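Those protein sequence lines, which keep their order, are chains A and B.
Using the numbering used here, read the first sequence as starting at 1 and increasing by one per residue.
Using the numbering used here, read the second sequence as starting at 1 and increasing by one per residue.
Hints are computed from structural coordinates only; laboratory data are not their basis.
Just so you know, not all the hints are guaranteed correct.
Stated by the list, open to error - Simulated DEER-style distance windows between Cβ atoms:
1) B:Val28 with A:Arg269: 13 to 23 Å
2) B:Lys71 with A:Ser119: 31 to 41 Å
3) B:Thr38 with A:Lys153: 51 to 61 Å
4) A:Glu178 with B:Gly272: 56 to 66 Å
5) B:Thr123 with A:Gly276: 43 to 53 Å
6) B:Val28 with A:Asp236: 41 to 51 Å
7) A:Arg34 with B:Pro98: 42 to 52 Å
8) B:Asp253 with A:Tyr67: 43 to 53 Å
Said to hold, decoys possible - Okay, the calculated bits of chain A under chain B, using three or more residues with CB under 8 Å as the criterion:
9) 105-112
10) 214-224
All values derive from a computational prediction rather than experimental measurement.
Backbone N, C-alpha and C define an ideal beta-carbon position, used for all residues, glycine too.
2 protein chains.
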Amino acid sequence: MQIYLDCIPCIVHQVLTSVRLVTNDVQVHEQIVREVLTLLVDMDMRQSPPAIAQKIHQLIGQLSGEYDPYKEKKQRFNELSLKIYPELRRRIRASASPLETAIRLAIAGNIIDFGVNRSLEETDLEEKINDSLTSDFDKTHLRSFKDAVIRAKDILYLGDNAGEVVFDRLLIELLPWEKITFAVKGRPVINDATIEDAEMAGLADMVNVIENGSDAPGTILESCSHYFRNQFAGADLVIAKGQGNYETLSAVDKNIFFILKAKCPVIARDLGCEVGEMILRKSKAFEQEQVYVGI
Amino acid sequence: MQIYLDCIPCIVHQVLTSVRLVTNDVQVHEQIVREVLTLLVDMDMRQSPPAIAQKIHQLIGQLSGEYDPYKEKKQRFNELSLKIYPELRRRIRASASPLETAIRLAIAGNIIDFGVNRSLEETDLEEKINDSLTSDFDKTHLRSFKDAVIRAKDILYLGDNAGEVVFDRLLIELLPWEKITFAVKGRPVINDATIEDAEMAGLADMVNVIENGSDAPGTILESCSHYFRNQFAGADLVIAKGQGNYETLSAVDKNIFFILKAKCPVIARDLGCEVGEMILRKSKAFEQEQVYVGI
Numbered sequence: 001m002q003i004y005l006d007c008i009p010c011i012v013h014q015v016l017t018s019v020r021l022v023t024n025d026v027q028v029h030e031q032i033v034r035e036v037l038t039l040l041v042d043m044d045m046r047q048s049p050p051a052i053a054q055k056i057h058q059l060i061g062q063l064s065g066e067y068d069p070y071k072e073k074k075q076r077f078n079e080l081s082l083k084i085y086p087e088l089r090r091r092i093r094a095s096a097s098p099l100e101t102a103i104r105l106a107i108a109g110n111i112i113d114f115g116v117n118r119s120l121e122e123t124d125l126e127e128k129i130n131d132s133l134t135s136d137f138d139k140t141h142l143r144s145f146k147d148a149v150i151r152a153k154d155i156l157y158l159g160d161n162a163g164e165v166v167f168d169r170l171l172i173e174l175l176p177w178e179k180i181t182f183a184v185k186g187r188p189v190i191n192d193a194t195i196e197d198a199e200m201a202g203l204a205d206m207v208n209v210i211e212n213g214s215d216a217p218g219t220i221l222e223s224c225s226h227y228f229r230n231q232f233a234g235a236d237l238v239i240a241k242g243q244g245n246y247e248t249l250s251a252v253d254k255n256i257f258f259i260l261k262a263k264c265p266v267i268a269r270d271l272g273c274e275v276g277e278m279i280l281r282k283s284k285a286f287e288q289e290q291v292y293v294g295i
Numbered sequence: 001m002q003i004y005l006d007c008i009p010c011i012v013h014q015v016l017t018s019v020r021l022v023t024n025d026v027q028v029h030e031q032i033v034r035e036v037l038t039l040l041v042d043m044d045m046r047q048s049p050p051a052i053a054q055k056i057h058q059l060i061g062q063l064s065g066e067y068d069p070y071k072e073k074k075q076r077f078n079e080l081s082l083k084i085y086p087e088l089r090r091r092i093r094a095s096a097s098p099l100e101t102a103i104r105l106a107i108a109g110n111i112i113d114f115g116v117n118r119s120l121e122e123t124d125l126e127e128k129i130n131d132s133l134t135s136d137f138d139k140t141h142l143r144s145f146k147d148a149v150i151r152a153k154d155i156l157y158l159g160d161n162a163g164e165v166v167f168d169r170l171l172i173e174l175l176p177w178e179k180i181t182f183a184v185k186g187r188p189v190i191n192d193a194t195i196e197d198a199e200m201a202g203l204a205d206m207v208n209v210i211e212n213g214s215d216a217p218g219t220i221l222e223s224c225s226h227y228f229r230n231q232f233a234g235a236d237l238v239i240a241k242g243q244g245n246y247e248t249l250s251a252v253d254k255n256i257f258f259i260l261k262a263k264c265p266v267i268a269r270d271l272g273c274e275v276g277e278m279i280l281r282k283s284k285a286f287e288q289e290q291v292y293v294g295i
């Protein structure tokens with residue numbers, strides 16, 4: 001998905017939130033914002049929002065010397081998510097449709113996204129979780145998700161954010177783990193999950209966890225390691241979590257299920273849904289393949 | 001009041017709203033946004049937000065050829081405000097505190113501000129009006145406002161937006177009109193009121209209406225005509241309506257009453273109030289003068 005002009009205010013907001021985590025020096029804030037604006041003046045609008053965000057967060061790192069401003073927030077949301085994990089697990093087991101409940105919760109976890117929800121507080125989380133269990137949810141693809149997971153031999157699950165990975169674990173616990181590889185970012189960017197977060201969430205004890213070698217807040221294959229690209233190519237099913245992964249992979253020719261909350265008007269327009277909607281959707285390539293199988 | 005980094009996302013939003021009113025050509029939108037970003041890269045942060053906005057809206061005019069993108073919206077909100085004017089007038093007359101009710105309504109009218117409330121719909125207006133009649137309102141300065149108006153010999157009322165001028169008329173109807181000069185912008189900028197709007201609101205039949213000679217969405221004295229500056233200098237009381245006038249005049253050494261709704265976090269921080277709060281406040285110069293009189 002390409003970037004839109006409407007993404008620019010959001011990017012500047014993101015930059016302000018990040019630089020304020022790094023330093024209280026308003027002159028540094030101003031210097032970094034001016035550099036970011038300079039970069040935006042000449043940006044290639046055919047790129048995806050995470051491709052631009054990657055460059056911007058690299059720039060913040062270079063100019064401030066801090067490459068992981070969200071370190072503390074990531075840890076707090078990991079801890080908070082782990083604290084409520086047992087209760088959420090009980091809710092899934094007690095549910096009449098455990099898979100649906102686990103997917104709803106995996107989507108609820110997707111609100112822990114400081115790229116979009118910049119002022120998210122810990123106290124907001126439980127309310128959002130409850131909302132996600134009762135909100136409208138288009139279950140059209142639930143059955144084919146289940147079938148695809150059963151049929152697949154090699155599943156690559158692309159994680160999104162710290163904290164959210166605990167919610168991914170709840171879903172993965174209902175899936176055939178032995179076939180799943182869980183991928184995290186190669187280096188910190190915003191609050192995207194890295195290997196430490198997957199370990200903290202307990203995922204590393206369940207499934208094979210790999211790094212993608214990149215610091216883009218999404219999955220830009222050209223930016224990923226050779227090893228990761230091989231894993232991606234070899235997987236016959238990809239589960240891609242969150243906006244960043246949708247934005248970077250929606251046009252890729254691959255069997256992908258996207259699981260996310262549509263948190264901004266730009267992505268909602270691209271998905272043809274309302275802002276706030278919970279999304280479980282197949283990639284175009286997957287839709288076509290399934291039609292073919294049907295014939 | 002100087003501009004803050006937090007104003008940048010808002011400015012870009014404002015530009016997008018404006019250029020989309022001018023043309024559907026996304027390439028033109030992109031070109032204008034890139035030019036605006038170029039201007040922001042080097043902006044002088046000591047300037048007020050309306051000083052930057054003035055340059056940006058001049059740039060939009062130069063690049064698009066359209067200097068009055070909000071023409072239709074201004075007309076619609078004038079008409080809508082005039083439609084509800086008789087009912088609002090009745091409410092003021094029936095009120096136990098007509099002046100307070102008129103000031104509350106004048107503040108309610110200040111929501112017709114497409115610089116901040118970019119997606120304001122006509123249907124929102126009545127709800128906002130009702131809110132403003134019942135919301136908390138710090139009446140500390142109400143008495144001294146009344147006294148100042150009675151005492152003044154020459155009052156300059158600085159209007160803000162189209163539509164809103166009808167609400168200003170409701171307030172002016174309770175004041176000694178013969179002493180009031182009502183000022184509007186010299187040329188169109190966003191939905192700021194110009195002479196046509198003051199005429200449409202019926203103000204031109206009540207009070208002396210003058211143009212300030214400027215196209216800044218506030219009152220930047222250096223940008224105003226010599227004639228207006230004389231009027232400003234000669235007035236012994238200024239009533240300054242809206243955010244733009246506060247942002248440009250809050251540091252000016254003059255007896256001013258600011259009447260506005262604090263619509264964004266930046267101005268709320270400057271005023272030391274909550275976003276959405278209704279404000280009737282004296283300028284610092286006025287506070288000092290009154291203390292002196294008190295001695």
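So, going through the hints one by one against the coordinates:
1. Between B:Val28 and A:Arg269 the beta carbon distance is about 20 Å. The supplied range of 13 to 23 Å therefore holds.
2. Between B:Lys71 and A:Ser119 the Cβ separation comes to about 36 Å, which falls inside the hinted range of 31 to 41 Å.
3. At about 52 Å, the beta-carbon gap between B:Thr38 and A:Lys153 stays in the expected band of 51 to 61 Å.
4. A:Glu178 and B:Gly272 have their C-beta atoms about 60 Å apart, which keeps the hinted 56 to 66 Å range intact.
5. One distance hint, 43 to 53 Å for the beta-carbon pair B:Thr123 and A:Gly276, is violated here, with the actual separation near 21 Å.
6. For B:Val28 paired with A:Asp236, a C-beta distance near 45 Å keeps the hint of 41 to 51 Å intact.
7. Evaluation of the 42 to 52 Å hint for A:Arg34 and B:Pro98 yields a pass: the beta carbon distance comes to about 50 Å.
8. Roughly 48 Å separates the CB atoms of B:Asp253 and A:Tyr67, a value that falls within the hinted 43 to 53 Å.
9. Counting residues of the segment 105-112 of chain A whose CB lies closer than 8 Å to any CB of chain B gives 0, so the stated coverage by that chain is violated, three being the minimum.
10. Judged by the Cβ-Cβ criterion of 8 Å, the segment 214-224 of chain A is not covered by chain B as claimed, because only 0 of its residues qualify and three are needed.
Figure legend: structure checked against the earlier numbered hints; hints not met, in rising order: 5, 9 and 10.
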